[in-house]
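Sequential numbering of the sequence shown, starting at 122, is according to the working numbering.
Treat each hint with caution, since some may be false.
Unchecked claim - As a list, the in silico DSBU-like pairs of lysine-lysine whose alpha-carbon atoms are at most 30 Å apart: (1) Lys282 / Lys351; (2) Lys429 / Lys351; (3) Lys282 / Lys359; (4) Lys282 / Lys429.
Said to hold, decoys possible - DEER-style ranges, computed between Cβ atoms: (5) Gly486 / Ala266: 29 to 35 Å; (6) Asp241 / Val296: 48 to 54 Å; (7) Leu424 / Arg315: 39 to 45 Å; (8) Glu457 / Val430: 20 to 26 Å; (9) Ala143 / Glu366: 33 to 39 Å.
Everything labelled a hint here was simulated from the structure, so no lab data went into it.
Note that beta-carbon positions come from the ideal geometry of N, C-alpha and C, so glycine has one too.
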Amino acid sequence: MESNDADHIRHNDADFIRHNLAVVAPRAADVTSHFYALLFLRRPELRDLFPPAMDVQRDRLLHALIRIVGDLDDAPALHGYLGQLGRDHRKFDVIAEHYDLVGECLVAALARYSGETWNDAVQAAWTRAYGAAAGIMIGAADEDARTNPPHWAAEIVSHHKAADDIAVVTVRPDVPFPYRAGQYTFLETPWWPRVWRAYSIANAPNPQGLLTFHVRSVPAGWVSNALVHKAKPGDRIKLGAAMGEMVVDHLAPNPVLCVAGGTGLAPLKAMVEELAYYGTDRFVDLFYGASAHSGLYGLEDLLRLSQKVSWLRVRPALDDLTLAGISGGISEVVGEYGPRFDCDAYLSGPPAMVLDSARVLRRLGLNRSQIHHDPVVGAYAAEAEVETPTPVAAEAPG
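Make a model of the complete structure from these sequences and hints.
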């Protein structure tokens, strides 16, 4: 789909779509439940593409729409996001013909819960917008299929506990896995088929082709508990395509500020590794926070690296303790020690920490274009499977 399709969404239909989404938002759960009911009624075999529990999937559909609507004024960002979704959906065995049915069911569900505000103009706007979005996704999937598999099979080659609830898991994909430092992927384990969870890759690309993930087990976290407490070397998992736009621009001259919370360290550690590999002369200030000392599981490695290179400074922060002369939560520490106004900031960790740190940085004078993090959506505060904020649409077909 050409970029002018995204422009068409922006110029002609954005107001209708935003207004309608605001109308149906209070009944979001009903809209998404009705959508999936229609989808499975019309094509029962599609149920096998989804996990047994559908509550998380219903939330993700709404938040996918919110992300897309939020990008309606930014055609390049929208095109890039939809392209990522199209490539990632290949792992669910989604094919082009599914998109038409999904669009029909989505429009029908929106119409049912829009009441008297639904009319021909609103329906036409959604139909055109969805058609343009589906075209971008299908085109990206078709192009990706020329060079990449729908998913990557991988073997766990190393598994060790960094803390009682944190495992560092290293895998070797059967075929090369393309990605950039700072990106994430979705994992499926043999214990929970069709249940995919997002984890950031904790190392920069390397000649061995290995990928490392930092996984924290959480209550009721199916995938996280399996990876922390059941997985062992020799087990096989699946990987989706690499996603995420939080990557370092190596042509930029600005200093780099990294703010990590808990296992949100993973993508920032990978970015620091990549900077070291390319021989950076950019100063990197890395703030690393946790609520308990065991949460700073990667601190020693970071401190060792900072002793070897002159461009890296590491500042640990614990919520209720003083460490290396620094006290307070991570957002407080960032506010106290403050970045240079010309830095590029990268944030990763629990949603509340990311949002608090972003607000602090804005108060300190950084503009939005200098602050980088993956999209933070409210549902992730409840779904603790993913500590590193990631877009919520990529897990489910449609």
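Q. For the pair Ala143 and Glu366, does the Cβ-Cβ distance stay inside 33 to 39 Å?
A. 27 Å, violated
Q) Lys282 and Lys359: Cα distance at most 30 Å? A) Status holds; Cα separation ~21 Å.
Q: Determine whether the Cβ-Cβ distance between Leu424 and Arg315 falls within the hinted range of 39 to 45 Å.
A: With Cβ atoms ~41 Å apart, the hint holds.
(Q) 20 to 26 Å was suggested as the range; check whether the CB atoms of Glu457 and Val430 agree with it. (A) 25 Å, holds
Q) Between Asp241 and Val296, is the Cβ distance one that fits in 48 to 54 Å? A) Because 49 Å falls inside the window, the suggested range holds.
Q.
Can you confirm whether the C-alpha distance between Lys282 and Lys351 stays at or below 30 Å?
A. 12 Å, holds
Q.
For Lys429 and Lys351, compute the direct alpha-carbon distance and say whether it is at most 30 Å.
A. At roughly 36 Å apart (the allowed maximum being 30 Å), Lys351 and Lys429 break the hint.
Q) Is the straight-line distance between the alpha-carbon of Lys282 and that of Lys429 30 Å or less? A) 26 Å, holds
(Q) Can you tell me whether the CB distance of Gly486 to Ala266 sits inside 29 to 35 Å? (A) Hint violated: Cβ distance 45 Å, outside 29 to 35 Å.
When held up to the earlier numbered hints, the structure conflicts with 2, 5 and 9 and fits the remainder.
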